[in-house]
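Going down the list, the sequences are from chains A, B and C. Each residue of the first sequence is one higher than the one before, counting from 1 in full-length UniProt numbering. Each residue of the second sequence is one higher than the one before, counting from 1 in full-length UniProt numbering. Each residue of the third sequence is one higher than the one before, counting from 1 in full-length UniProt numbering.
Since the hints were made in silico from the structure, they are not lab data. There could be a bad hint or two in this list.
Just a few of them, taken from the derived set where beta-carbon distance is under 10 Å, the chain A residues facing chain C [to be verified]:
(1) A231
(2) G235
(3) L252
(4) R325
Glycine included, C-beta positions come from ideal geometry on N, C-alpha and C.
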Amino acid sequence: MPVIRLLSVRLLRIALVLLCVAGLTFGLMLASPIDPIDAYLGPQIAQAGAEQRALIAERWGFDQPPLLQFGHWLRQLLSGNLGWSHVYNQPVNEVIAQRFQRSLALLGLAWLLSTLLGFGLGLLAGMREPAKPTHSTLDRVISGYAYLTASTPAFWLAMLGLLLFSVTLGWTPVCCAGPSGSLSDEVSLATRLHHLALPVATLTLLSTAPITLHTRARLRSLMHSPVATQAFAQGASRRDVAWRHGARHACLPAITLACASLGELFGGVMLIEQVFAYPGLGRATVEAALRSDIPLLMAIALFTALLVSLGNATADGLYRLIDPRLRAQAP
Amino acid sequence: MNQQPRLTALLSTALAALVLASALMAAAWLGDAPQQMHFDARLAPPGSNYWFGTDALGRDMAARTLAGLTLSFWVGSSAALLGTLIALSMALLAMLGPRWDALVSLAIDTLLSVPHLLLLLMIAFALGGGTQAVIIAVALSHWPSLARVLRAELLHIRHAPYVQISQALGKPRRFIVRHHWIPQVLPHCLVGALLLFPHAVLHEAALSFLGVGLSADQPAIGVLLGESMRHVSGGDWWLGVFPGAGLLLMVLCIQRLGETLRRAWST
Amino acid sequence: MLKVEHLSLQLPYYANWWRRCWAEVLRDVSLEIHPGEVHAVVGASGAGKSLLAHALLGLLPAPCRQTGRLHFQGQPLTAARQRQLRGRDLALIPQSLNALDPLVRNQRQVSWAAQRAGHTPASARDTATQALDHYQLNAGAQQAFPHQLSGGMARRVLTAMAHVSRAQLIIADEPSVGLDPQQRDRVLNALAALARGEGKAVLLITHDLRHALPIAQRVTIMRQGRCVETAPAAAFQGEGSGLNTDYAQALWQALPDNQFGNPLTSTDEQAQNVA
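Throw the hints in and build the complete structure from the sequences for me.
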């Protein structure tokens with residue numbers, strides 16, 4: 001079965017990449033000037049004497065050679081123990097599970113919206129007949145918007161949004177995922193959405209640009225291809241060609257790009273959560289880096305790497321599934 | 001579209017060079033103005049004295065923005081250059097043999113599977129922050145995408161019929177590298193470096209904004225914006241708007257330049 | 001039916017970094033196509049045959065200069081009218097097999113062509129199936145994707161697309177290129193059959209005089225963007241003394257052996273000779 005073989009090869013590759021990511025993060029953390037014992041102690045650093053430090057080092061193997069430490073950490077990882085986060089005073093698994101739930105709403109919504117919006121805008125912008133000498137106004141506006149947002153710092157736009165809609169106009173809340181002081185179970189869906197609106201809008205606005213520009217370029221090259229010439233010769237309108245042929249040809253690359261841009265989107269989530277003080281995984285990452293929470297930082301790196309790898313694999317798989325020319329070939 | 005693309009490229013290069021030169025000259029002309037405190041004008045809104053207003057310590061935001069742009073430009077361009085060099089050497093390394101190729105591909109896949117900003121954060125964290133750490137971190141996290149392009153290009157050239165004919169005709173390796181490899185790969189490198197630059201600058205600013213990058217006493221754009229976050233709820237909009245807009249303009253300039261050059265080379 | 005008067009066409013190119021020049025690719029081309037005939041345009045590569053076809057349909061890329069007059073059925077053929085008539089009264093059989101969308105099944109593409117010619121979606125599907133059946137493509141080939149077809153089958157799908165449009169003038173751009181003799185004759189005969197319909201005509205563009213003569217009534221020879229000569233097909237015989245220009249005569253005399261009959265019988269004879 002070629003499908004099963006393809007799948008297993010993919011999964012093996014992902015496992016290998018994840019192993020490398022684990023090695024990389026471990027190496028980076030080892031190279032950092034932060035003392036692992038200090039990091040383990042966290043705020044209780046002043047309470048531990050030299051003897052206790054030695055005990056900690058022995059218990060967690062900080063005095064062993066790096067390779068043994070790495071092996072130890074990997075074994076812990078495989079048994080599902082990711083360590084203890086001293087910033088949140090919780091096991092790392094729980095921190096990630098909780099925070100990811102909140103980030104997922106942000107990430108998923110922004111991802112879906114930006115993909116759809118980007119694709120639609122790209123189709124509109126690229127829909128130009130080769131026989132027409134000039135760019136349409138719509139094309140100018142859309143590609144101008146795309147180029148502009150592609151070079152906008154994410155956190156700056158978020159800040160402007162905050163200034164305008166939350167501080168000046170007062171339409172949206174200034175921070176967090178719910179009203180301060182309330183437990184997360186009590187918050188209603190409407191309140192949640194209200195708190196999500198501005199972060200999602202900012203993130204969507206920023207991440208539409210790549211898909212828009214890519215779809216536009218695809219459509220424009222299609223408009224000059226024999227397929228489009230033939231359709232025009234049959235009396236098809238611009239919209240007809242863009243929809244029947246263009247959407248078909250551009251949707252695959254768009255999906256691929258959308259799946260492959262998960263990593264970039266997560267970077268955006270980190271920044272946006274920081275600006276809006278949204279308690280998600282992105283903010284946890286920044287906190288972990290700022291306050292030297294090594295186990296949490298490493299776990300988040302692995303987790304996001306898994307997410308991104310799965311996204312890439314999905315993109316590749318979809319490509320093979322949808323394109324009839326690739327479907328027939330053995331992988 | 002009606003213009004000759006290479007002419008447009010030439011003109012926009014000249015324009016960008018002019019803008020950059022004036023920005024860099026401005027920084028030298030500013031002297032210590034970015035650090036100078038005006039005690040009588042703290043948090044002054046934009047006006048005739050201070051065009052972009054002043055910050056909480058009474059420092060002129062216009063001077064700080066300009067200085068920040070210069071700093072961002074230098075950090076961004078050194079990081080982009082370093083990243084391009086790493087990408088090129090990795091792509092050449094991949095040409096040594098199938099094992100090297102597999103190794104380089106694995107490195108590329110590994111680095112691309114970690115979100116950019118997170119990788120940056122970790123590298124900067126490992127190196128302990130500071131200007132050098134930021135440059136190295138940006139370079140180390142940005143080379144894979146360019147290396148992937150260069151590797152594909154080199155592979156393509158190596159298997160191209162005209163190179164194989166050259167080899168069959170007994171041309172020395174030096175000749176092939178000089179006449180077939182360099183003319184093909186150099187434009188990709190240049191454009192790659194130019195297109196790396198916006199990413200590098202934006203990520204540097206983001207890193208400084210998060211507090212892991214450049215140190216807080218430097219007038220970097222990220223640091224300025226990070227400071228302004230504290231004043232957002234007070235409605236002091238000028239602290240954030242101007243530095244960000246300046247960064248946006250600079251990045252937009254370079255990005256358009258890169259795109260124009262790429263188009264000029266590909267037609 | 002179609003009348004081309006003094007058509008000239010210029011395309012831009014860059015002589016150096018700043019100067020744009022215009023290359024004259026069609027120069028004072030005049031020809032007339034009558035109903036019921038197959039009119040062949042023959043010329044070497046680069047003579048401007050395909051550009052002529054695209055100019056007639058208004059499909060040229062944007063920066064070009066065009067002068068001269070076009071008339072279709074007695075009325076001037078403006079850009080707006082070209083747009084209106086494309087796919088209904090004017091149809092193109094393109095040169096490149098890449099004109100078939102690789103992501104769409106053949107039958108569906110043909111039915112889209114029918115829809116663009118004014119059929120409703122339901123009747124378009126039936127029309128497409130009938131047309132493809134007419135060109136001997138079985139149900140399997142109809143439901144296949146273009147990359148699964150042979151060159152001759154793809155050519156016939158393209159011909160079916162022109163067929164469903166019921167166009168009065170069909171412009172066939174190099175329909176015989178890259179085909180083996182049997183397939184070629186099949187396609188050419190299909191074109192000849194299309195031209196026999198009432199009030200219809202075919203403009204056949206080819207680089208090979210041998211493909212044009214068996215089915216064409218009249219032949220226009222093109223060279224470097226100019227019309228060299230328009231002659232009835234009957235003039236191509238013997239020494240070519242019925243031809244007015246040296247180039248046409250040279251083209252005729254350069255053929256390996258100027259023996260022509262029905263293309264089908266000629267290939268049959270060849271097959272018998274081999275056997």
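Note to self: Output the indices of the hints that this structure fails to meet, ascending.
What the structure shows: none
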